[in-house]
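Residue numbers (the working numbering), protein chains in the order written: chain A, 1 to 114; chain B, 115 to 226.
Mixed in with the good hints there might be a few duds.
[Said to hold, decoys possible] Here are the simulated lysine to aspartate or glutamate pairs, EDC-like style, with alpha carbons at most 20 Å apart:
no.	chain 1	residue 1	chain 2	residue 2
1	A	K57	B	D131
2	B	K156	B	E197
3	B	K136	B	D163
4	B	K223	B	D141
5	B	K182	B	D163
6	B	K156	A	D1
7	B	K182	B	D131
8	B	K156	A	D40
9	B	K223	A	D1
10	A	K57	B	E116
11	A	K9	B	D198
12	B	K156	A	D107
I should point out that these hints are in silico values taken from the structure, not numbers from a laboratory.
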Amino acid sequence: DSGVTQTPKHLITATGQRVTLRCSPRSGDLSVYWYQQSLDQGLQFLIQYYNGEERAKGNILERFSAQQFPDLHSELNLSSLELGDSALYFCASSVAGGSNQPQHFGDGTRLSIL
Amino acid sequence: GENVEQHPSTLSVQEGDSAVIKCTYSDSASNYFPWYKQELGKRPQLIIDIRSNVGEKKDQRIAVTLNKTAKHFSLHITETQPEDSAVYFCAASISGTYKYIFGTGTRLKVLA
Chain A
1 DSGVTQTPKH
11 LITATGQRVT
21 LRCSPRSGDL
31 SVYWYQQSLD
41 QGLQFLIQYY
51 NGEERAKGNI
61 LERFSAQQFP
71 DLHSELNLSS
81 LELGDSALYF
91 CASSVAGGSN
101 QPQHFGDGTR
111 LSIL
Chain B
115 GENVEQHPST
125 LSVQEGDSAV
135 IKCTYSDSAS
145 NYFPWYKQEL
155 GKRPQLIIDI
165 RSNVGEKKDQ
175 RIAVTLNKTA
185 KHFSLHITET
195 QPEDSAVYFC
205 AASISGTYKY
215 IFGTGTRLKV
225 LA
């Protein structure tokens, strides 16, 4: 158990819909990262938050957005869903926001678009 | 842009043999290099990491070596066991940013 909690574990929805994925970081961690992993693919960095503020952006689509709340949990919002958005979405957290910090991953949310 | 190349993409070894996975990075200022193991359908787990001020680090059957001059680092697994079968990802920090970049992964199969 990494201490990072992601909900829901599975999500099935249709094209055009909107979903929200939730992540609670490990106790004491201030930074949250979101990654997308398509079938048999690598980890694509989407976005990072540190103590409520956006810190870094990766290849995140305009249809996707995220935020980190005062209690440090984070939500990733995916809208106008397309078939290609089907993937595992991982959240990771670290103590601080630097690139030289270990990141600890949650169990992921498996999103299936029908 | 910055990138990390990882080789091989697949690796099969006999149980008890050693496995070596290599990564090459492009950012000469990278200073942190973690390795993750991901079993099928599960989360990536940090198994070992190394910082640029160290040339080698060991943890039981796992070791990582870093060659800053050549800008490459390697994961070594000795006395492999079937439970070592997984996908392994290397990563390197990107200087001037708050993130690191992952390699494309190596699928390791340990044959009993």
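**Q.** Numbered hints the structure breaks, given as an ascending list
**A.** The structure breaks hints 1, 4, 7, 9 and 11; every other hint is satisfied.
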